[in-house]
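Engineer: Residue strings, one per chain:
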Amino acid sequence: MKKLISLSLTTLLLASTVACSSTAPDNKGAAASNPTISNSAASSSETESTGWKPEKDINVVVAYKAGSGTDTGARILCAAAEKYTGKTLVVVNKEGADGKIGYTELANAKPDGYTIGFINLPTYASLATEDNSPFKEDSITPICNHLAEPSCVVVRKDSQFNTIEDLVKYCQEHPNEIKCSTNGEKASNHIGIQLLAKMANFEVTNVPYGGTADQLLALRQGEVDISVPKVGDVSSLIGENGELKMLATYTEKRLDDYPDVPTLKEKGYDLIYGSYRALVGPKGMPQEMVDFYAKAFKDAMEDPDNVEKSKNAGLTINYMDPEELKTFIHSQFDFVNTILPDLF
Amino acid sequence: MKKSDISVIVVIYVITFIFFVSTLAFPSDAQIYPMIVMAILALLNTLYLIQCVMKFAKVKKITNDYPIIFASFQHKQFFVVLGLCILYIVLMSILGFYSATFLYMLGTMAFLKVSKKPLIITLVCFMAMVYATFTLFLNVPLPTGILM
Amino acid sequence: MATEIINGFLNALAPINILAMILSTAGGIIIGAMPGLSAAMGVALLIPLTFGMPASTGLIVLGGMYCGAIFGGSISAILIHTPGTPASAATAIDGYQLTLQGKAGKALGTAVIASGIGGLLSCISVYFFAPVLAKLAMAFGSPEYFWLSLFGLTIIAGVSTNSILKGLMSGALGLLFACIGMDPMDGVMRYTLGSASLYSGLPFTATLIGLFSMSQVLILAERKIRKQGNMIEFDDRVMLSRKELKLISPTIIRSWIIGNLIGILPGAGASIASFLGYNEARQFSKHKEDFGHGSIEGIAGSEAANNAVTGGSLIPTLTLGIPGESVTAVLMGGLLIQGMQPGPDLFNKYADVTYTFFAGFVLVQIVMTALGLFGSRWFAKVSRLSDSILIPAIFALSVVGSYAIRNNMVDVIVMLLFGIIGYFVKKFDLNPAAIVLALILGPTGESGLRRSLALSGGNPMVLCSSVVSIVLIILCIFGIFSPIFMKKFEKQALGEDAAADCISSN
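Protein chains in written order, with the numbering used here: chain W, 1 to 344; chain X, 1001 to 1148; chain R, 2001 to 2506.
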């Protein structure tokens, strides 16, 4: 028995050293590690003038489950970006609580350059402004923006509404009669319809569904009359063989793919709204790591293979560099703090 | 009527009550559905109670069936195994998955008197299988604990 | 169309596709067999790997993983009473009993054959009835899902082998547990104890693992350790005898139809199908008393249904872009990435890819059956391991499995708690399968009911306003009363037999 114990202890020691070095880092380190120390440690190990480069696999935290929209978009980009980062990008799904779990994990990770992740806006902002939220606006370091998914108003092809004006007029005259499906109570597509409803002064009956797929199914089946999803979600359903028609978009200018669809802005409702997916790191991430990733992912986004795959999947790439992203995130927080509370 | 029936009935009432108290804090719209479910559960439980009481009225005896249910219950074995299971989960957060699993399997098998050769073979095969599937093939990260 | 079908098969028989089939199906079986790893996860993780492949090969790889995993779940369900995927929860009931009787090989053989035939037959619907059946997917709205859930819950009476009342209580308890999480309509947090991890409710797979496998560990731990090979040494063969095959044939056909239809309905998947298949097998069986004690009809009923879902779920996914099951939602992502939109284009512009994929899907069933039969001889040996090895192995696997889904330790703790709850549930003769059923169906039923009322402004008539709803209501009534009718029917039949015996022996 004694022999067995000593043998096991030795094996254990060996095994743990192997396991520790081979498993990808799953960090729950202290929230604020000293940035200057890690900065100098990183730069002292790099003698090249080209700046920081990762030396082992990188964890990419996705706050939604495998196969979801965010996850698919993340995997497509990471597959293309590996060429430019030089090391494997391991997508880690940390789903739950509409993203809260993953965002908390991201905010608490060590800013050593080996953990980055995707956040959705404005979702990140609305979750961060809740009471007792474990993460805030400054809990993350912006790297770059990946996708921009503007919202749009859709109805069935055989619907009585052919223009956005028809729809708005009807809604104004018949309060609560029109039914709108959303992807969840107070979720992004619910915000979308309410923005228009408040501005145009009408009320519809909003019915929450479990997600965009269910929301659109309800519209297609005729359970509801209208819906306000993202353009990317309905791209396969609009057109000649499609079941839906798009009445308006929440964009600055008309979209290239839908030149006949007016923007809400030109109809008098200055509403620019949609979801954005951005790549961020934990707070305190050194600038040279941020720059490295910003460049790597920019190259990945412009990579022709990625461009094609993204187009096929209905994703609209919208690169923003770290500074632009920082400003944008701030505007999203403003949006959440000022406009959101009066919306419902 | 069996003693075990009494236990089941009491426990179900208690669980229903606990959920009921929590539900009172919800806004009234959100209370409706959970209350309906609790009503169904309470109703079924009461029907069961009535069924048991009727049996009792016939037989006039409460049988203590605990000895039957827990016949040949190995006290020490059961609680040590359960304790090791809980310890394993605690250790996993501290030492990380591989170390904790190694210790847990070693400890449990040794306690259950598995002889040396099958113990080592199982240990090695199991760890290898988990490593190959989760870390190599699927790239699913496993906990690495605070110490790492 | 005939030329396209034939071309599809010719393409699918290309060496690279055959290799893809074998590897992905084998991988799927392994992933399915590991508790905690689900088919959807396997498919999602394979998608990036398929980027470099030609479209049809990529799809075949995903299809192989899907079917393999749905079958693979039955392996651990049978051997260690731990459903490898939720789809095999019903298989665990009778499968494990057979293992205890030393007949693990036979149980596995039944599962393989039932899965293979169920999956194969479901391909027929894909080839020939896709457009018609796709309409079914569009006909199911909120009221219909409410009645479907209720119908599913009536199965509880059938799944309860002893006291129906206790079975119903277990179901109601499950419904209460299903309330944990965010209210689907108001967004209110119910019973989440402040934990963000419980916002979407109890983690289903972790709860399932706790209720079935960890409770099993505790049950093994409470009694004297059964040493290796101490089990009844039966002549355990994997291949079924002609008589047995004949016995399970009607069950397989019935379960095929059930699974195929459930697969078509978005939001209703393999887990529901397996319970329905199991239940209907029991309803129509001439050996009802075997159910719960090792009936191969039960295994066949459950496994044929859950694999039949695979073909059925492809129909709405490919024709309408509506995922028939959670795995096909991921598969659809894979399609889109390859540039193929669901809809008529798949059958015109991309016909060669699509028909090659279908042919591949058919061949995958055959590969899966072959691999299953071949491997079962070895898998069955696991059941001969001593309890003292099985206890830590099953628990460790349960822990890994619960953690791996969401990378969340809270799930492991939930698994532990439900393991203890499951232990008491089993000891006090309540019904863990009923709890699981309620956990699956509760949320669907609740959202269906509340959405219907929200859409109609509170008018309950919305619940009986469509043909499909009425059909489902009739099925519900049938479901509740048929066990009672069946019993009366049998008594009558027995009575007549007894009378006939009396007359003939005089």
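Treat the hints with care, since some could be wrong.
Claimed, not checked - For lysine-lysine, the following BS3-like pairs were computed, each having C-alpha atoms within a straight-line distance of at most 30 Å:
id, chain 1, residue 1, chain 2, residue 2
1, X, 1061, R, 2381
2, R, 2135, X, 1002
3, W, 157, W, 245
4, R, 2349, X, 1117
5, W, 83, W, 295
6, W, 179, W, 110
7, R, 2224, X, 1002
8, X, 1076, R, 2488
9, X, 1116, X, 1058
10, W, 245, W, 198
11, R, 2349, W, 157
12, W, 87, W, 179
13, R, 2224, R, 2349
14, R, 2381, X, 1003
15, R, 2224, W, 311
16, X, 1058, R, 2426
17, R, 2381, W, 245
18, W, 53, W, 245
19, W, 326, W, 110
20, R, 2349, W, 245
21, R, 2135, X, 1055
22, R, 2243, X, 1116
23, R, 2381, W, 179
24, X, 1117, X, 1060
25, X, 1002, X, 1076
26, R, 2426, X, 1117
27, W, 298, W, 198
28, R, 2488, X, 1058
29, R, 2381, X, 1055
30, X, 1113, R, 2427
Stated by the list, open to error - Label-pair ranges, simulated between beta-carbon atoms:
id, chain 1, residue 1, chain 2, residue 2, range
31, R, 2477, W, 170, 47 to 57 Å
32, X, 1050, W, 338, 52 to 62 Å
33, X, 1086, R, 2351, 35 to 45 Å
34, W, 88, R, 2237, 41 to 51 Å
Think of the hints as simulated: they come from the structure by calculation, not from any bench. Each residue gets a CB set at the ideal place from its N, CA and C atoms; glycine is no exception.
Engineer: Each hint should be assessed against the structure and marked as holding or not.
Structural biologist: Hints, verified against the model:
1. X:1061 x R:2381: violated (47 Å)
2. R:2135 x X:1002: Violated, at about 53 Å.
3. W:157 x W:245: holds (5 Å)
4. R:2349 x X:1117: The given pair, whose Cα atoms are some 61 Å apart, is violated under the 30 Å limit.
5. W:83 x W:295: holds (12 Å)
6. W:179 x W:110: violated (46 Å)
7. R:2224 x X:1002: holds (26 Å)
8. X:1076 x R:2488: Violated, at about 48 Å.
9. X:1116 x X:1058: violated (57 Å)
10. W:245 x W:198: Status holds; Cα separation ~23 Å.
11. R:2349 x W:157: holds (24 Å)
12. W:87 x W:179: Distance ~49 Å between residue 87 (chain W) and residue 179 (chain W) Cα, so the pair is violated.
13. R:2224 x R:2349: violated (65 Å)
14. R:2381 x X:1003: violated (40 Å)
15. R:2224 x W:311: Roughly 62 Å between the alpha carbons, so the hint for residue 2224 (chain R) and residue 311 (chain W) is violated.
16. X:1058 x R:2426: Satisfied, since the Cα-Cα distance of roughly 28 Å is no more than 30 Å.
17. R:2381 x W:245: Given that 30 Å is the threshold and the Cα spacing comes to 59 Å, the pair is violated.
18. W:53 x W:245: violated (47 Å)
19. W:326 x W:110: holds (20 Å)
20. R:2349 x W:245: holds (23 Å)
21. R:2135 x X:1055: violated (53 Å)
22. R:2243 x X:1116: With a Cα-Cα distance of about 45 Å, the restraint between residue 2243 (chain R) and residue 1116 (chain X) is violated, given a limit of 30 Å.
23. R:2381 x W:179: Cα-Cα ~58 Å, so violated.
24. X:1117 x X:1060: violated (57 Å)
25. X:1002 x X:1076: holds (26 Å)
26. R:2426 x X:1117: violated (34 Å)
27. W:298 x W:198: Roughly 37 Å between the alpha carbons, so the hint for residue 298 (chain W) and residue 198 (chain W) is violated.
28. R:2488 x X:1058: Distance ~26 Å between residue 2488 (chain R) and residue 1058 (chain X) Cα, so the pair holds.
29. R:2381 x X:1055: violated (46 Å)
30. X:1113 x R:2427: holds (26 Å)
31. R:2477 x W:170: 47 to 57 Å: At roughly 41 Å between Cβ atoms, residue 170 (chain W) and residue 2477 (chain R) fall outside 47 to 57 Å, so the hint is violated.
32. X:1050 x W:338: 52 to 62 Å: holds (59 Å)
33. X:1086 x R:2351: 35 to 45 Å: violated (57 Å)
34. W:88 x R:2237: 41 to 51 Å: holds (46 Å)
Taken one by one, the earlier hints fail for this structure at numbers 1, 2, 4, 6, 8, 9, 12, 13, 14, 15, 17, 18, 21, 22, 23, 24, 26, 27, 29, 31, 33, listed in ascending order.
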